[in-house]
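2 protein chains.
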Amino acid sequence: MSAHDSERYGELISKLRDVHLLESTSELLSWDQETMMPPAAVDHRANQLALLASLAHERATAKELGDLLESLPENMLDACQDANLREARRSFARSTRLDAKLVSEIAETSSRAQHAWAAARQDSDFAQFQPWLEKMVKLMQLKADCLYEDDMGCAWDALAEEFEPGMRAQNLANLFAPLRTDLCKLLDDIRGSSRQIESTVTKIKLPISSQENMVRAISEQMGFDFNRGRLDRSAHPFCGGSHYADVRITTRFSGDNFLDALGSTMHEAGHGLYEQGLLAEHLGTPMGTAVSLGIHESQSRLWENQVGRSEAFWLWCHAQLPKFFGEAFSDFTAPDLYAASNRAEASLIRVEADESTYNLHIMIRFDLEMALIAGDLSPEDLPSAWNEAYCEYLDVEVPDDRQGCLQDVHWSCGLFGYFPTYTLGNLYAAQFYDQACQELGDLPTSFQNGEFHSLKTWLNEKVHAQGMRYSAGDLCREVTGRSLDSQGLIRYLRRKLEPLYGIPSLGVDSSPGD
Amino acid sequence: MSAHDSERYGELISKLRDVHLLESTSELLSWDQETMMPPAAVDHRANQLALLASLAHERATAKELGDLLESLPENMLDACQDANLREARRSFARSTRLDAKLVSEIAETSSRAQHAWAAARQDSDFAQFQPWLEKMVKLMQLKADCLYEDDMGCAWDALAEEFEPGMRAQNLANLFAPLRTDLCKLLDDIRGSSRQIESTVTKIKLPISSQENMVRAISEQMGFDFNRGRLDRSAHPFCGGSHYADVRITTRFSGDNFLDALGSTMHEAGHGLYEQGLLAEHLGTPMGTAVSLGIHESQSRLWENQVGRSEAFWLWCHAQLPKFFGEAFSDFTAPDLYAASNRAEASLIRVEADESTYNLHIMIRFDLEMALIAGDLSPEDLPSAWNEAYCEYLDVEVPDDRQGCLQDVHWSCGLFGYFPTYTLGNLYAAQFYDQACQELGDLPTSFQNGEFHSLKTWLNEKVHAQGMRYSAGDLCREVTGRSLDSQGLIRYLRRKLEPLYGIPSLGVDSSPGD
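Just so you know, the protein sequences line up as chains A and B, in that order. Residue 262 in the working numbering sits at position 262 of the first sequence, with consecutive numbering throughout. In the working numbering, each residue carries its 1-based index in the second sequence increased by 514.
Hints may contain errors.
Derived DSS-like pairs (lysine-lysine); straight-line CA-CA distance at most 30 Å [to be verified]: (1) B:K1010 / A:K135; (2) B:K699 / A:K63; (3) B:K837 / A:K15; (4) B:K837 / A:K205.
Derived CB-CB ranges, DEER-like [said to hold, decoys possible]: (5) A:D381 / B:E734: 55 to 61 Å; (6) B:A641 / A:R17: 50 to 56 Å; (7) A:A127 / B:D637: 56 to 62 Å; (8) B:A633 / A:S6: 52 to 58 Å; (9) A:G502 / B:P721: 36 to 42 Å; (10) B:V865 / A:S347: 50 to 56 Å; (11) A:A319 / B:S723: 25 to 31 Å; (12) B:E734 / A:P499: 29 to 35 Å; (13) A:D381 / B:L954: 38 to 44 Å; (14) A:T96 / B:R604: 47 to 53 Å; (15) B:V865 / A:N213: 30 to 36 Å; (16) A:R17 / B:D592: 54 to 60 Å.
Just a few of them, taken from the derived set where beta-carbon distance is under 7 Å, the chain A residues facing chain B [what the hints assert, rightly or not]: (17) Q48; (18) R228; (19) G229; (20) D246.
If you're looking for bench data, these hints aren't it; they were derived computationally from the structure. C-beta atoms are modelled at their ideal positions from N, C-alpha and C, and glycine is treated no differently.
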């Protein structure tokens, strides 16, 4: 690269970092809104977020940035610089397709709609939320119009591109069809089993403060760095904050099911480890940014499930419980807790769903949001469509909207095209974890000793430090040597649930590498 | 006002509100930095604050704003509009005198210097902070050069104008000279008294959580609205947040002196009531902004001292204590607590100082910061100058920098010209409270019954709702019928401390209105 190009590349990085400063400020304000903000401040916060979004958009679409991006040569840089330039161009092209007014309107509406959603959910009253959903769907359709590209198959693709670059509805449909068949077969096997898993362990009343101490200790044990992060409470757990040195995870507690707080926290701490594992030197650039939400979710699900719902983890964790809860669990063995944390049952609430049914919840949302964006489903018909889908996919009756279509925050914030990344995360997690086991040897024995460092370090190196160097699909091939498929997840679930439920083995018990 | 003027006035308000959105975002980030932010995020936060400061400055000095301000007619508007226009012009004139680079450098340096100060204070090591103080003093001198106006007497005046518009060092010197004489005489009388006030009540170990519940309840009783505010902990208590519907006060707790947390909280809640009392309709404009820091401080000090250190308050509060602390105070009567909360003694720490000595701490800082800004005192000589002044004013030896010149955060954030507003606040508080007693009748009997509503409402109407309609001095004349003087404070202190210390009355016991 010539000295002149190098100087212009430096200018590019500095401009990208300015945009990131504004975006990270918005993220902080959003975190604050969910955790700290007094209720009456909601209007002003919406105005602040709208202004910041429009300032960031202004900078992300500035002509000088476009000129810089055009003037820099292709393929004359190192791999990191190549990736930064490629992604900055992609992002600039998308941003310039959106007009500032729409960006600011979406930001402002999200903030207000989210509060309307929270109130509607509390009252279990979809009617309160409906006008906001209508407004949001319309805004998303406008957004999709702006962002649609020739290689896309439908408007939804244009929205999903933001969360999972390169992923299309058609690819997902192809991935989801066999997965649905296999999951339904597994669910039938479980329903047909005569063995039941006891749930009494999830009905022990425990002080919230003890639960909080416990999940904080577990996050630290996973390697979450509290010098560069926080753990707080919010209605809907999330990982927010703004950069590798300020990562804010939240969780929620129920008085009598500590597995809820434990799972949420390990999940969010998994996201947090990804954010903390991004490299400082790449702050504010694509190389210092998570590659996709599917990969992000793979990190949270891997810690929540492959680690936190493993037999080895429970052998260790069971021994830690008296430190936090005294005698409360003295009637339960480690295998009891392992089994309870893997209880499989069709249910109503996605975030409480077990691993065997979780992805069916996602497929429902995928179908419904595709229909909303395509205009095939009117927002007012959402509750009935939702309830029908739950009958069809999971064979459960939805008693009210709180436990139905008001359970998730996503659509209120304009997150359409987002839900499928949860299932992608589950698929990536299974495939990454298989590979980690092959490379790192006996991980379960480490977990039994409370040692999670080798896994964390492996993920740091293989996934986190890569930023956006590869696309999500390429990263998967780089790390595991294979393209993403649904077989890894099914194999992992059967290997765990067949013995727990006394189901005769389907014989999917060997990984492809064995 | 013509339709055209009216439209332009509307444009003006909208531009002022945009600046306020950015400023209020900075305030939120500063609050977060002191209460929530993980330690490692300090660099990024400094960059965020610097960018926001420069964006706000850009807007506050935009040519279109200047043109609008010039084009609007004088005296063709109502009183609110007049005040908004007058103050917007004043503020525009000041802002345009500062260059953007200096503004951003000050913002960034403040954020870093504040962290350096916190570390230096913890280690009681001035040397760590000295380079930052030097940097900050230089930046302040540059700032004063930009802001100096013809009617000012010295560089310090140019800085103080930001906090107490219209107040000059010379006015303060005139106000402080008799005050110093009277306070020293009072302190001599106290030192000469044979009566001692017991301090054992401030040495009872109390759980922090109980103290927190108590101060939260007291804030609510005062009328602080938690729907529009929060109470958290920080190293140095402050009132932050950003607008009437998001007011964030902080306090701190020590395990064995609950009067510390109580006083801090009532103080900050007093500030908080002012912010919550600004009118929603004037959000983001001068009419919705506190008039000066001296007036702001009058609100905090009035609640902390005139209310919270009164005999009547303690008659009520004493009866509340068992709810929070069980039997811990059963050996103490209400008069014991009243006396303990008014124990007068020359001491080292400003924020712990009693009412009779507090203003002497301020005079020390006033002298020293005048000298620093004038270049008559070099930052490296600050510790020795500080220690000498404490001998001279208060006759106490400073054992280390933590208890000396590192005790206050202000200079680290570039708050020069700020300290005297504390004493102005004490003077205004005494004068306002005198007036409230004359207008509202028997306030002490209300306090005895835990009734603070009439006082809060009076302050809401007389002070808070006025925004910047009047200058601070004019507001004082509007509310009390008199210009500010130091006699009201001395009268109030003697009336309280003479009987507590058994000092023969100096005969200053009647208010001018009696």
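Tell me the hint numbers this structure goes against, listed in increasing order.
1, 2, 3, 5, 6, 8, 9, 12, 13, 14 and 16
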